[in-house]
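S.K.: Chains as they are written, first to last, in the working numbering: chain A, 1 to 171; chain B, 1001 to 1240; chain C, 2001 to 2572; chain D, 3001 to 3179.
Among the clues, some could well be false.
[Claimed, not checked] The calculated label-pair distances, taken between Cβ atoms and stated as ranges, are:
id, chain 1, residue 1, chain 2, residue 2, range
1, D, P3113, A, R16, 47 to 55 Å
2, C, E2531, D, E3141, 14 to 22 Å
3, B, T1075, C, D2323, 31 to 39 Å
4, B, P1133, A, Q30, 57 to 65 Å
5, C, R2169, B, L1012, 36 to 44 Å
6, B, P1133, C, V2543, 31 to 39 Å
7, D, K3046, B, P1133, 43 to 51 Å
8, D, P3113, C, P2249, 55 to 63 Å
9, D, F3098, A, V10, 29 to 37 Å
[Unchecked claim] Pairs of lysine-lysine, DSSO-like flavour, derived with a Cα cap of 30 Å:
id, chain 1, residue 1, chain 2, residue 2
10, A, K25, C, K2264
11, A, K159, C, K2088
12, C, K2504, B, K1117
13, B, K1086, B, K1067
14, A, K61, C, K2191
15, C, K2191, A, K82
16, C, K2191, C, K2045
17, C, K2504, B, K1067
18, B, K1067, B, K1210
19, B, K1197, C, K2047
20, C, K2342, C, K2191
21, B, K1086, D, K3078
22, B, K1080, C, K2504
23, A, K25, C, K2260
24, C, K2260, A, K18
25, B, K1086, C, K2264
26, A, K18, C, K2305
27, C, K2305, A, K25
28, D, K3078, B, K1117
29, A, K61, B, K1197
30, C, K2191, B, K1067
31, C, K2305, B, K1067
32, D, K3046, D, K3078
33, C, K2088, C, K2305
Since the hints were derived computationally from the structure, they do not count as laboratory data.
Yeah, the Cβ is synthetic: ideal placement off N, Cα and C, and Gly gets one too.
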Amino acid sequence: MAENPAVPPVLNADPRLKVVDRAMKRLRYQPDALIEVLHTAQEAFGYLSRELLAYVASQLKLPESQVFGVATFYHSFTLRPKGEHSCIVCTGTACYVKGAGEIVTRLEQAVGVRAGQTTADGKLSLGTARCLGNCSLAPMLTIDDVVYGPETPDSAVEKLRSLVEVTDELG
Amino acid sequence: MAAITLTINNELIGARQGQTILDVARERGIDIPTLCHLEGLEEVGGCRLCLVELQGSPRPVPACVTKAAEGMEITTHSDKLVEYRKMLVELLLAERTHTCSICVQNGNCELQTLAAKLGIDHVRFDYLHQQLPMDASRERFALDHNRCVLCLRCVRVCDAVEGAHTWDVRGRGSTSRIVADLDRPWGGSTSCTDCGKCVQLCPTGALFRKGATVGEMIKERGFLNRILERRRLAAQRRSA
Amino acid sequence: MNWVELVELAESVVARQQVCRLRLLVCCGTPCMAAGAEAVVVALKEKLAELGDPADLELVSTGCQGPCSRGPLLTVQRPGQPELIWQKTTPELALAIVEAALQQEPLPEQDRLPEDWPFFTRQTRLVLANSGRIDPESLEQYIGLGGYDSLAQVLIDMAPDEVCSGVVRSGLRGRGGGGYPTGLKWQLVHKENGPRKFVVANGDEGDPGAYMDRSLMESDPHRILEGMAIAGYAVGAEQGYIYVRGEYPLAAQRLRNAIKDAEKAGLLGSRVLDSSFSFRIDIRIGAGAFVCGEETALLASIMGKRGQPRIRPPYPAEAGLWDCPTLINNVETFGNIPSIFKIGPEAFSAIGHGKSRGTKVFALCGEVVNNGLIEVPMGISLREIVFDIGGGLANGAAFKAAQTGGPSGGCISAGQLDTPVDYENLQALGSIMGSGGLIVMGQQSCMVDVARFFMEFCLDESCGKCVPCRTGTVEIYRLLSRICNGSATNRDLQHLEQLCRMMKDTSLCGLGAAAPNPVLSTLRWFRHEYEAHVEERRCPAGVCSMHELPVHLLGEQLLQRIAASRSDGEGF
Amino acid sequence: MSRIRLATAWLGGCSGCHMSFLDLGEQLVALSGSIEMVYGPLVDAKQVPDDVDVALIEGAVANMENLELLQEMRHKSKLLISFGDCAITGNVTSLRNFFSVDDLLTAVYQAGPGSIPRSDEDGAVLPELLPRVLPLHQVVEVDAFIPGCPPEPERILAAITAIMEGRPVQLNEDQRTFG
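Using the sequences and the hints given, assemble the complete structure.
M.R.: In structure tokens, the structure reads:
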């Protein structure tokens, strides 16, 4: 069978594309399935590259700008590669009331990137979330999807020590 | 079509079933300001300038999409509404960097005219001065995000009339921005047909023809209804 | 499965449980897991294996039992004896309890919660009746507690319009925040004609400081499915969707499993319980947008679009998913449905206060001793919730405010603690019931900073479609930031109020219209704090940095300096 | 009737509004009977007198010197008018708000041939730049606005006529457009 001409060369022969193809097939290439497909694509590739978005757009027969609009509307989707590990500090109301702000500041200092960024060595993405729904553990955070709480700035830094180089000096 | 009667600004007015409050008011020469609305395009109801007070409704309703109904009592220019409209346009003027004095659209701009009409002689809110790019990569046209009011006329006309759907919106909230294709420079867009419809419908100097200097751009909107009318007639002929 | 088989299965489950010498219910809700529940489960499993896994000893991993800050929780049931609950359970403690129970000895008192603990005794659990009492992965256990019986009843005994009027009579109102009468919504969709109709459960719980829906989906997923199926029958829909917040993967997983099990048992799918009614449910996963809690935005999202609200009318009841009539309710609302038909609409409506009937689930959090998930009858006072159930503030600190309704709600001050909690009263106080987040704050919280916190949230979550919300949130946030950093003037305070009023009246959807609520309610009950910031450049709670000067003061300081240098004869 | 004591000031702007004032031409002669120019770039006065009736302020508030003059004008004037787009909107002057002051100075001076001139204590060498260029009404109370870049002489005349007749300065629709 001839290769699908819509597959951009960078993605060609990438086995992860099969996962995305399967999802689109399962959802019968319905344009409505865009968000589901983007979820699958991000899970498979870790992030949504332009090439991947263009491919999805062509397969679902959607305008590229519409696909881009959807991918950038939702905060779960990311268009840049993420770090090997992820640490997400909850900044929901209960966590905020109990001092999540200080934890974020301290972690930013310790790993040298702002929340929402990835360390230069690609080891860690530091992020915040608007409530992870573990309010009784406030202030809480997750590291690679494992829930920890209640935390202090110090205990949070300690937890990252094994994953990434941390600076102990306070700014 | 069934006739209905409603009251606008204490005056009894006859209207046809299916007309919006805006249609009825404009027929009567009542001037309700609008920005995102443009006859011929699907309504979005985003600018909120056409809000009117409807007896019995806890909040004002947008005249552009609210259908006139029997017995409605409507106020179009209460002190509160006038003040709200002023604030809304002030917010728009503060959101991006409109600097009228150095705009190709100066003197021919819907936003500028609206502001003057609503009695705005200064903006009480902080100018946000977001540093946004200008995309002049297309041969004939350019896009200056600093002057965009996100009325989405370009998005709508490109999708529904031209059928290209080159434009859409990226991001959300205050980071919303018009994008071509996958947020590529407009010059590299493969879907754009260079038809220029978006440029003509843009109410401000966000989309403009290259070569126009300050105050030179005059936009021509009449094409929209002409095209739509011709399409309707053509479709009639085909089905006949 | 038909009704007879369902009843038989329920009876056999109950019979099996009754002969159990000992039932150990370990809470495996996320907070308890984070506190070490898994080790307790492992230790108990090993112990039972050691004993040869006798049929009369049962270990159940349950969903949330409630007092989340005290986990891991262990509930012990023995025939003929009162149920006992331990907090902060360690594997050692759990094993000691089992040993003692098997030896018929007195159980350890250490860390046992009192039987008359107000945290439990003051609650009325309908929606949460099964939460923490069953294994959420077990359809059988749900059936054992009477699950799917309400569905069977309505399918056999009631016509669809009777079901709708039953919900009307119960007085149930939307638990997602709006408070619209649920029965009326059902009747509207029921009356619509259309070849296809849909039922949608809104599980996009985005309020920061709220986790009622997550807990319900994780602890008792079948209850939601049953509620939706009843709704499908009542309104004439054959397809349902549950829109689950992307941050809740466990909830989605549990629901998926539950759907599979229910379909296998003939409780969902074609010909439900051997009737002529067919109903399928699919899961849709959100992708991180608070605004998708708004019903029209949620529908757009289910259809794969940007989750932006659209102008209503038409309401989803007339034109929702793919322009078909669509019933959309919050998952907690659906969670109430099986209870309504179990105890009867009249009994349900006997609970509550004023126009608010039934119970409400709250996530009680913040500076309160007993953090956790509670269900209370409508009309209970805030004081009872905070001080009796919540045990007051940690270290006996003074109460300052309770925040309800998240970013769409408001802050209620100490003077209003005795107000009965219902939709109307909270609204009159400038807050809303919302989905049920309830955050208790002590004196160390600055109310201006709290307002700013919520405005930052709304700014981030605004969809950008309408001007007042897209830009109003930004300008309000700037004004609040200026108040917090010391550079605001009285004019800023005036502009703040003007903007908030305007936004409330002109925003396209509920998110924008409610976004100013935290500001307006704090301005109303804590105005002196705003004034202290602006007029005295002082943060009473000591939270704000106040490190900047208003521009006019900057100039005045300069003028003084210049005047001084002139009089020194230095010239200028 | 005593003449109206008019002062003008030129803050962060291009002086175009003052030029437009001069474009009143012969009208100025006619006005001189009712208006006395007591301070501003157009007259030779070293100090702002204490009793100004009307102040026309051109330009935005961009530095400490602007701020000082504006506040002095406010203290000494009965009626203070934002004169032209820079005073009202910040206009072109405020386009530097896209950058931080440090970045701006670095780009303009350091990236060019010289070093950044630093302000001294009193701002005598280079007036200290404010972090952001502000329109007048964000700093002091402003009584009226004459938009335009520059405001046409007709607008200025309309405003002055209103003042002379004791009416509030409120320009009509086609005279209050920005730009």
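S.K.: Each hint: holds or not?
M.R.: How the hints compare with the structure:
{"no.": "1", "hint": "P3113(D) x R16(A): 47 to 55 Å", "result": "holds, 54 Å"}
{"no.": "2", "hint": "E2531(C) x E3141(D): 14 to 22 Å", "result": "holds, 20 Å"}
{"no.": "3", "hint": "T1075(B) x D2323(C): 31 to 39 Å", "result": "holds, 32 Å"}
{"no.": "4", "hint": "P1133(B) x Q30(A): 57 to 65 Å", "result": "violated, 35 Å"}
{"no.": "5", "hint": "R2169(C) x L1012(B): 36 to 44 Å", "result": "holds, 42 Å"}
{"no.": "6", "hint": "P1133(B) x V2543(C): 31 to 39 Å", "result": "holds, 38 Å"}
{"no.": "7", "hint": "K3046(D) x P1133(B): 43 to 51 Å", "result": "holds, 47 Å"}
{"no.": "8", "hint": "P3113(D) x P2249(C): 55 to 63 Å", "result": "holds, 59 Å"}
{"no.": "9", "hint": "F3098(D) x V10(A): 29 to 37 Å", "result": "holds, 35 Å"}
{"no.": "10", "hint": "K25(A) x K2264(C)", "result": "holds, 25 Å"}
{"no.": "11", "hint": "K159(A) x K2088(C)", "result": "holds, 22 Å"}
{"no.": "12", "hint": "K2504(C) x K1117(B)", "result": "holds, 24 Å"}
{"no.": "13", "hint": "K1086(B) x K1067(B)", "result": "holds, 25 Å"}
{"no.": "14", "hint": "K61(A) x K2191(C)", "result": "violated, 36 Å"}
{"no.": "15", "hint": "K2191(C) x K82(A)", "result": "violated, 50 Å"}
{"no.": "16", "hint": "K2191(C) x K2045(C)", "result": "violated, 53 Å"}
{"no.": "17", "hint": "K2504(C) x K1067(B)", "result": "holds, 23 Å"}
{"no.": "18", "hint": "K1067(B) x K1210(B)", "result": "violated, 40 Å"}
{"no.": "19", "hint": "K1197(B) x K2047(C)", "result": "violated, 76 Å"}
{"no.": "20", "hint": "K2342(C) x K2191(C)", "result": "holds, 25 Å"}
{"no.": "21", "hint": "K1086(B) x K3078(D)", "result": "holds, 27 Å"}
{"no.": "22", "hint": "K1080(B) x K2504(C)", "result": "holds, 13 Å"}
{"no.": "23", "hint": "K25(A) x K2260(C)", "result": "holds, 21 Å"}
{"no.": "24", "hint": "K2260(C) x K18(A)", "result": "holds, 25 Å"}
{"no.": "25", "hint": "K1086(B) x K2264(C)", "result": "violated, 60 Å"}
{"no.": "26", "hint": "K18(A) x K2305(C)", "result": "holds, 24 Å"}
{"no.": "27", "hint": "K2305(C) x K25(A)", "result": "holds, 19 Å"}
{"no.": "28", "hint": "K3078(D) x K1117(B)", "result": "holds, 28 Å"}
{"no.": "29", "hint": "K61(A) x K1197(B)", "result": "holds, 23 Å"}
{"no.": "30", "hint": "K2191(C) x K1067(B)", "result": "holds, 22 Å"}
{"no.": "31", "hint": "K2305(C) x K1067(B)", "result": "holds, 26 Å"}
{"no.": "32", "hint": "K3046(D) x K3078(D)", "result": "holds, 20 Å"}
{"no.": "33", "hint": "K2088(C) x K2305(C)", "result": "violated, 45 Å"}
When each numbered hint is compared with the structure, violations occur for hints 4, 14, 15, 16, 18, 19, 25, 33.
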